[in-house]
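Participant: Can you make the complete structure from the sequences, with help from the hints?
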Amino acid sequence: MIRAEIIANQSVQEEIIDALEENVENIMYTLIPVVYGRGGDDKKLGNSVWPETNFMLISYLEDNQVEIIKQVMSGIKSKFKSEGIKLFFSPALDC
75 MIRAEIIANQ
85 SVQEEIIDAL
95 EENVENIMYT
105 LIPVVYGRGG
115 DDKKLGNSVW
125 PETNFMLISY
135 LEDNQVEIIK
145 QVMSGIKSKF
155 KSEGIKLFFS
165 PALDC
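Residue numbers (our numbering): 75 to 169.
Just so you know, these hints were derived from the structure itself, not from any lab. Computed from a predicted model, the values in this text were never measured in an experiment. Ideal placement from N, C-alpha and C gives every residue a C-beta, glycine not left out. Treat the hints with care, as some may be off.
DEER-style ranges, computed between Cβ atoms [unchecked claim]: (1) S122 / I76: 32 to 40 Å; (2) M102 / V123: 33 to 41 Å; (3) D115 / E141: 25 to 33 Å; (4) E79 / G120: 14 to 22 Å; (5) L167 / S122: 38 to 46 Å; (6) G111 / K155: 17 to 25 Å.
Under the rule of at most 30 Å between Cα atoms (straight-line distance), these lysine-lysine pairs were calculated in the DSS-like manner [what the hints assert, rightly or not]: (7) K117 / K151; (8) K144 / K117; (9) K117 / K160; (10) K144 / K155; (11) K153 / K117.
Facilitator: The structure is reproduced here in structure tokens:
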């Protein structure tokens with residue numbers, strides 16, 4: 075089992091979720107709708123100086139779903155080149 079984390083600008087949240095639901099059969103996920111932080115040279119703090127925010131989506135996947143997620147997110151990243159979109163994977167133990 076693999077844990078996938080997607081952290082991205084809220085402006086692309088709907089696009090990402092729609093693409094995942096269309097392409098990954100029975101995907102289950104947890105959505106954290108407002109995430110603050112700094113990535114690269116940009117801050118997303120939801121305040122008057124840095125007004126934007128991110129969201130985080132976490133999903134636990136079977137090994138055969140990883141490549142599908144990579145392809146979906148690659149397509150999203152190429153469509154929204156100026157938005158901060160990150161995808162991370164880590165091993166997960168199902169207890």
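Participant: Which numbered hints are broken by the structure, listed smallest first?
Facilitator: The structure breaks none of the hints.
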